[in-house]
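Engineer: Sequences and hints are given; from them, build the entire structure.
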Amino acid sequence: MKANFLRRAFLVLAVSVALLAGPVHAQSTPSNASAVSVAVSVLVPAAFISEGGKYVVKGVQASGEGTVYVLEKISDGVRGSLTIAGNVSGAASVGVGASVTFVATASGTLMVSAGKVLAIIPNEFGRALLKSDKLS
0 MKANFLRRAF LVLAVSVALL AGPVHAQSTP SNASAVSVAV SVLVPAAFIS EGGKYVVKGV
60 QASGEGTVYV LEKISDGVRG SLTIAGNVSG AASVGVGASV TFVATASGTL MVSAGKVLAI
120 IPNEFGRALL KSDKLS
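Under numbering that gives the first Met the number 0, the first residue of the sequence shown carries the number 0, and numbering increases by one thereafter.
Among the hints, a few may not be true.
In the DSSO-like style, the derived pairs of lysine-lysine whose C-alpha atoms are separated by at most 27 Å in a straight line are [stated by the list, open to error]:
(1) Lys57 x Lys115
(2) Lys57 x Lys72
(3) Lys115 x Lys72
(4) Lys115 x Lys130
(5) Lys115 x Lys53
(6) Lys72 x Lys53
Label pairs and their in silico Cβ distance ranges [as the list claims (entries may be wrong)]:
(7) Lys115 x Thr82: 34 to 44 Å
(8) Ala113 x Leu134: 26 to 36 Å
(9) Gln60 x Ile119: 18 to 28 Å
(10) Val69 x Lys133: 11 to 21 Å
(11) Thr104 x Asp75: 18 to 28 Å
(12) Leu134 x Ser98: 17 to 27 Å
(13) Lys130 x Ser74: 12 to 22 Å
(14) Ala97 x Leu129: 20 to 30 Å
(15) Val77 x Thr104: 21 to 31 Å
(16) Gly58 x Asp132: 32 to 42 Å
(17) Val95 x Asn122: 28 to 38 Å
(18) Asp75 x Asp132: 37 to 47 Å
Keep in mind the hints are simulated off the structure, nothing from the lab. For clarity, every value in this text was computed on a predicted model and none was experimentally measured. Every residue, glycine too, gets a C-beta built ideally from N, C-alpha and C.
Structural biologist: Listed below in structure tokens is the structure:
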């Protein structure tokens, strides 16, 4: 008797969830579909760094646009690349196998290796603080 009641309750619950769920729409245009992938491509790298933790440098490549670091997270082995724009003077001292940590601050995230700040990744508050004016 109790099993019969549980079956009915489960059936009622399943039907009500199916009826309450909204319709599923496919992405009708390529631009809508690409907007989803752009959002994911922005959020996933941010989550890779924002969790903090320790990383190992698996590769460093300097280019005209900046320095590209290939990082591997020590905890789970997930790899990602990070491009630091501009001339980073401490970049030459960071080689393959070096340990890198990301430290969260009120104005952004610091990329630190061997006690040296290699880069600052500003958040909204940090971007508001960055300003460049010509002094006369």
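Engineer: Next, verify each hint and record whether it holds.
Structural biologist: Do the hints match the structure? See the list:
1. Lys57 x Lys115: Holds, at about 18 Å.
2. Lys57 x Lys72: It holds: about 10 Å lies between the C-alpha atoms, which stays within 27 Å.
3. Lys115 x Lys72: holds (19 Å)
4. Lys115 x Lys130: Measuring from Cα to Cα gives roughly 23 Å; hence the hint holds.
5. Lys115 x Lys53: holds (15 Å)
6. Lys72 x Lys53: holds (6 Å)
7. Lys115 x Thr82: 34 to 44 Å: Distance hint for Lys115, Thr82 is violated at roughly 19 Å.
8. Ala113 x Leu134: 26 to 36 Å: Check passed, 34 Å falls within 26 to 36 Å.
9. Gln60 x Ile119: 18 to 28 Å: Holds, since Gln60 and Ile119 (Cβ atoms, about 21 Å apart) stay within the stated range.
10. Val69 x Lys133: 11 to 21 Å: violated (37 Å)
11. Thr104 x Asp75: 18 to 28 Å: holds (24 Å)
12. Leu134 x Ser98: 17 to 27 Å: With Cβ atoms ~39 Å apart, the hint is violated.
13. Lys130 x Ser74: 12 to 22 Å: violated (37 Å)
14. Ala97 x Leu129: 20 to 30 Å: holds (27 Å)
15. Val77 x Thr104: 21 to 31 Å: For Thr104 against Val77, whose Cβ atoms are near 23 Å apart, the range 21 to 31 Å holds.
16. Gly58 x Asp132: 32 to 42 Å: Distance hint for Gly58, Asp132 holds at roughly 37 Å.
17. Val95 x Asn122: 28 to 38 Å: holds (29 Å)
18. Asp75 x Asp132: 37 to 47 Å: The hint (37 to 47 Å, Cβ to Cβ) holds, given that Asp75 and Asp132 are roughly 44 Å apart.
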